[in-house]
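A.B. asks: Chain A is already provided as a structure; the job is to place chains B and C on it using the hints.
One-letter residues, chain by chain:
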Amino acid sequence: MIINEHDPRAGKIYQVVDEHAKVRAGAVLPSDDLLKQFYRDMMRVRAIDDKAFKLQRQGRMHTFPQITGHEAIQIAAAYAMQEEDWLAPSYREEALVHLRGVPYSQILLFWLGNEKGSAYPKDVNVLPFSIPIASHMLHAVGIGWGAKMCGEKIAVVTTFGDGATSEGEFHEAMNFAGVFKAPVVFLCTNNQWAISVCRKDQSASKTLAEKAFGYGFDGICVDGLDVVAMHQVMQEACDKARNGGGPTMIEAVTYRLCDHTTADDASIYQDVDERKAWEQKDGVRRLRKLLEKRGLWSASDDEALEKEVQTFIDQTIRELEASPEVTPDEIFSTTFADMPPRLKKQLEDVKAS
Amino acid sequence: MTQRSLIQAITDGLRVAMERDDRVMVLGEDVGKLGGVFRTTQGLQQKFGKERAVDTPLAEAGIVGTAIGLAMYGMKPVAEIQFMGFDFLAHNQIMAHAARMRNRTRGRWTVPMVVRMPCGGGIHAPELHSDSFEATYAHIAGLKIVMPSTPYDAKGMLLSAIDDPDPVIYLEHKRIYRAVKGEVPEGYYTVPLGKGEIARPGTDLTIVTWGYLRHLAVQVADALSGQGINAEVVDIRTICPLDEALILESVAKTGRLVILHEAPRNCGLGAEISAIVSEEAIFALKAPIVRVTGYDVTMPLPKGENLYLPNEKRLMAAIQKVMEY
Amino acid sequence: MAFEFKFPDVGEGIVEGLLVKWRVKEGDTISEDQVLAEVETDKAIVEVPSPKAGKVVKLHAKENETIKVGQVMVTIE
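Chains as they are written, first to last, in our numbering: chain A, 24 to 376; chain B, 422 to 746; chain C, 2 to 78.
To be clear, the hints were calculated from the coordinates, so they are not data collected in a lab.
Non-contacting residues of chain B with respect to chain A, defined by C-beta distances greater than 12 Å in every case (computed):
| no. | residue |
| --- | --- |
| 1 | 525 |
| 2 | 527 |
| 3 | 602 |
| 4 | 616 |
| 5 | 644 |
Derived coverage of chain B by chain C (criterion: at least 3 residues anywhere in the stretch with Cβ under 8 Å from a Cβ of chain C; other residues may be distant):
| no. | region |
| --- | --- |
| 6 | 544 to 555 |
| 7 | 588 to 601 |
A virtual CB, placed ideally from N, CA and C, is assigned to each residue, including glycine.
Same shape as in the complex, but just chain A:
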């Protein structure tokens, strides 16, 4: 097993494909088709993310968090999950939530501030983006606990950042999961930054993954820019959860190659050289190199992908910008199951004014 063979306390970071796209000897890679699919998805989500950023600068989008540097983690997690699994995401998880079945236009609609963006398809077990930090991790534990009581073999994935490990509710979630052996995968994206506070100022712990041992379960550090390593470890942790093995914490080590949100300016606090060094390790480029090395990618693939990406962007933006304005009913209707008389009166007031 990968997880219990890579103790983060011994300084191990699990990696399969290094930054030069060299594959570790003896490693088993996913199928060629899956590798290519990872790449297409990465390129697609990176492109829409970039487009959304430009929309914000044009006044066509409100504040949202970009995902540059997080693509490999989110795509790997999505492909490791099965249909009946649940996801309790933090906010910087657009690609993961999208690949779990939520149209990207809807995700952007939420960030644009339209309530319609919160109406996820009903067959998708994805909780809303948690805006408060770490709070939602407890919900994941509760869901997993419930599934266990019902005898259902599912994995619940909850995602959070390095900063979240400082919150009290992180501790509570990890502890409950350990005590109740909940089928939860704690996926921590350590992107080195909680807005402007760097990883070493966040916790005096050498790694974040090693905290898991204090709660009685395994933790592992994984190269978060290596989609293959991430996919293997996520699959193993999800299988373990589904088969009664309890929780796992995965620390996906990466770097936030973007601002915290469109309202931020990372150049104030990120070191230019440090960031450049991480850009060299980029997960998307790395996978591209791997595909080329293995003869899996040609110029015609590029052409097809370019078209696919453009179609995806055009369609997403079209859907986004065609969405009707928010109505007073939308603001009032989901407060309670039945609208109390007082709210009905207030709704009339809004409609009249």
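C.D. replies: Chains B and C alone, transformed into the frame defined by chain A:
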């Protein structure tokens, strides 16, 4: 005197307090190197060092809980909660501990800390970044709550809050962070807590409000003067303890009261003000009291904000209603 | 038809910015998302991209001038 925005006035107030007393320190998420997500603490770490302008780990209960301990030990912490919506994580510390420490130790220990937090909507910020929960604090005995609406008051009241022997929740309405500028004196001065201000004198009706809405109320009142309606705008400035005398005095003069706040209506501060006026001055009233408030729904996301937030039209309608009497 | 591009709130609650540098000039043919200008707000220096492709008809501000959110920056045809 220098023209400063509300943000610049707060930064200046923090700087003055830190220069005057080396026990004053600011702590919170991103308040140091970045200077705060709104740049309210910009330059403080450069000037006073990492130990007095502290980037803490990401933990609201941690920030407020340690600020309580720091204050009890004699430091003068000014904690920042990045957005009011994230203060729920620190409510236990504020309500169960900061508010009660004086009482629990029979006056031996007190918590002279300030917790600053941006609040309010109107800048198209994401979920939980635009709420107005000021009344929740007012329900807890032992907390002072202020929301200045001009740069002059922002600095003067911040300096009073830092001097104050009790915990002060210092609320900053984001909509006027940069949009409102005004004269701010250099150096140290204070504006007392617990005192409201007549933002615009008038004779026909009283509008009681605070925060951003003070500016809307004055604008509407000015517009109405052409129609022969002379409205008085009372900016309470302090949510708790409330300047009841000022409100009663104004209502005694005008006989009509409109209460304007952004927070939800149910158990909002408007309800308290309305009750006080009913109890103390009902015979001065010529018309029923009218509240213009946010609705009893979850604060909408940005695209729906304008349906929720009190606006000129709703205020005008309320004024017309009380003027019918 | 002429399209008037107004300076948007590029942060959260930004009310104005300093036009640091125009990256296009009048008469230029531009593509969608091409950077029009660099603007410095009190939070950051940001690049403002064009929402439309077309021809730059008029730049409504000079470099080192303050522009208000909502003010017309560029007319594009």
